[in-house]
Amino acid sequence: MAIPSTIPILGLPWDDVLFVILAGTMLLAGLLVVTMRDIIRCGLAMMVCFGALAGIYVMAGAPLVAGAQVLVYIGAISVLVLFAIMLTQTKVGPTRLVFQTQAVPAAIAAVILVVVLVLTIGATQWGGTGERGETITADLARVLFADWVLPFEIVGVLLLAAVIGGVFLAKRDRPASTDDVE
Amino acid sequence: MNGSDVIIIAPLIAAIATAIAILVVDIVVPGRTNAVIATALIGLGVTAVVTLTVGSMPPTTAYGGAYKLDALTTFLDLLFVAVIAMTIVFAPDYLAPRRLPVAEFATVLVFAMSGAMLISASVDLLLLFLGLELMVLPGYLLAGYHKSDSYSTEGAIKYFLLGSFSSAIFLFGLAFVWGLTGSTRVADVASVLTQVVNHTLPFSPGLAMGFAFLTTGVAFKIAAVPFHYWTPDAYQGSPTPVTGYLSVGPKVGAFALILRLFVEALGPMKAEWLPVVIVLAATTMTLGNLVALTQDNVKRMLAYSSIAHTGYMLVGLAAYAGGQPQGLEGLLFYGAAYSFMNLGAFAVIAALQKRAGVTSQLATFAGLGRKEPWLGVLMTLFLLSLTGIPPTAGFFAKAVIILAAVQAGGWVAFLAVLLVVNAAAAAFYYLRVVVYMYMRDPASDAPPLRHGRLMWGGLTAATAATILFGLFPGLLLGMISAAAGALTAAG
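If you read the sequences in order, they're chains G and Y.
Numbering-wise, the numbering used here comes out as the position in the first sequence, counting from 1, plus 16.
Numbering-wise, the numbering used here comes out as the position in the second sequence, counting from 1, plus 658.
The shape of chain G in the complex, shown without the other chains (with noise of 0.2 Å):
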């Protein structure tokens, strides 16, 4: 039996409520990350939202980004952040943030700025979408490593100065520096 193109009931394509649900995830798992206490459980909700960043990604015909989003995001980066914190956590923390002091002020700009940009995306002619299709790999390394292989090789040259300065941050001190006080 074939799958109707829309929802038999309500009669929106599966498109559009696919996109609803992971769009709705992500945001839903970012303000988790933001506003919850304990850091472990807002690392676990940047995986659910990356996930869900991933599943945009192959709605838009570019699964090697979504691959890409899962193996690298997911399995990578998380991870890595969630053993950071394991590693180096310590149970006493602050149970009030710091910079919190300014949360209605900027809730409001945030609502403003909201209204603003729906405005204006909803007054915006965008032209026609076009059709969707695959992005084919071989494309993709096409156009990565030959119109924009001068972008990708600084984008190397960027990690490369990143690494080095976290790496210096991250140096353990030798003793005895002497200390002054601007």
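There may be inaccurate statements among the hints.
[To be verified] Quick look at which bits of chain Y chain G covers, simulated, 3 or more residues with Cβ under 8 Å:
id, segment
1, 764-776
2, 786-792
3, 796-802
4, 852-866
Read the hints as simulated data drawn from the structure, not as lab findings.
Note that the Cβ used here is the ideal one computed from N, Cα and C, for glycine as well.
Add chain Y to chain G, keeping to what the hints say.
Same frame as chain G, but now just chain Y:
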């Protein structure tokens, strides 16, 4: 991609190779500061020579039109090399007493330079963003370079959070522009906007939104009011040589981005963005100066004054949008003059702080004119130049911008008046330091410090640039008018 593309980006390759060479030297002979500095300076020299050689070729593009080699690229690249070389030369006297390594400092600094050089050559929005990130990311590390100092860490975290946030805003705007113009190439965006201005294409609200986000992101990076909140803490907390660099390098780099973005991509719509720049320039210079008046920490004072200088440079941009191409020459000259005089001023503070524990409070400067006459004279010169008193480079830079703004007329001419008023107000807090140096008794009778040869060499270079570009601005003007011409021809 082919062989000639690699030749065109040779300055960038030389810069990245220099950064890696410094790292390798530090691995082979660990802890040898002199070897590291020698490698860095030789590498920077090679980069400068390569830049000049490649720059003598006719203007061209590489990588499918994403990377552009023109007079502007060459001029800005040379300026970045000079800024980084001077920062590296000033650093050891400050870092050594605090047992901070020079190698990592120099490496990430040169990486930041390669990012700035990429910005100056990018005519593609995505590449501009990557260059911006490569330029500012090392800055976060450098701001927190003094790991055991809590102020340094605090400033670095504030800089990092707001900096990443503003990068995200910039990227969001870029996505809007890409979605509505179908291209990230600056030339394509400009041609779409030309059609919009000629009413052959409708102007969509989404495009306006995208440009608003791009402007906000860039305004954060140049620390224009009201996007300046990270500046004072980041500048005061950072190690002094880093503060000098942060107040000059990323600022000129972000202005390079503004030139590529606003003049080339958004050039067709300059009548539309002119009011925004006028408001930004007016608030930035006024607020920066007003708050600087109340500071008694010289580093913090110079942080606020650097915000004011951002405002002066924005006046140059406003003059361009008001129909005076000389405004761009003014902006470029100001960027160069400001780089040398501001780095020089911070170098004097860094030299005084060679003795660990010396703060950058105003009292530190009491009696400096008698205790260390040379440092006193140089500090006075840099401060006079920052004020804009002839015959220094700072005077000529302000003069070019004011002249262009007056000729542009209208509200831009009002900006010129505001600039003069602001410069007069700024004289008060700059000269207060001079008063402390020559009319107050020293707080302590500690013997004068001995400063390294590198420090004196760097100070000499900064002094020479500040005086020479003031007396003979023609030395720079040739390159600058070629650079501005390359921009306006494209935009």
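Inset, instruction - If any of the earlier hints don't hold here, list their numbers in rising order. - result: The structure breaks none of the hints.
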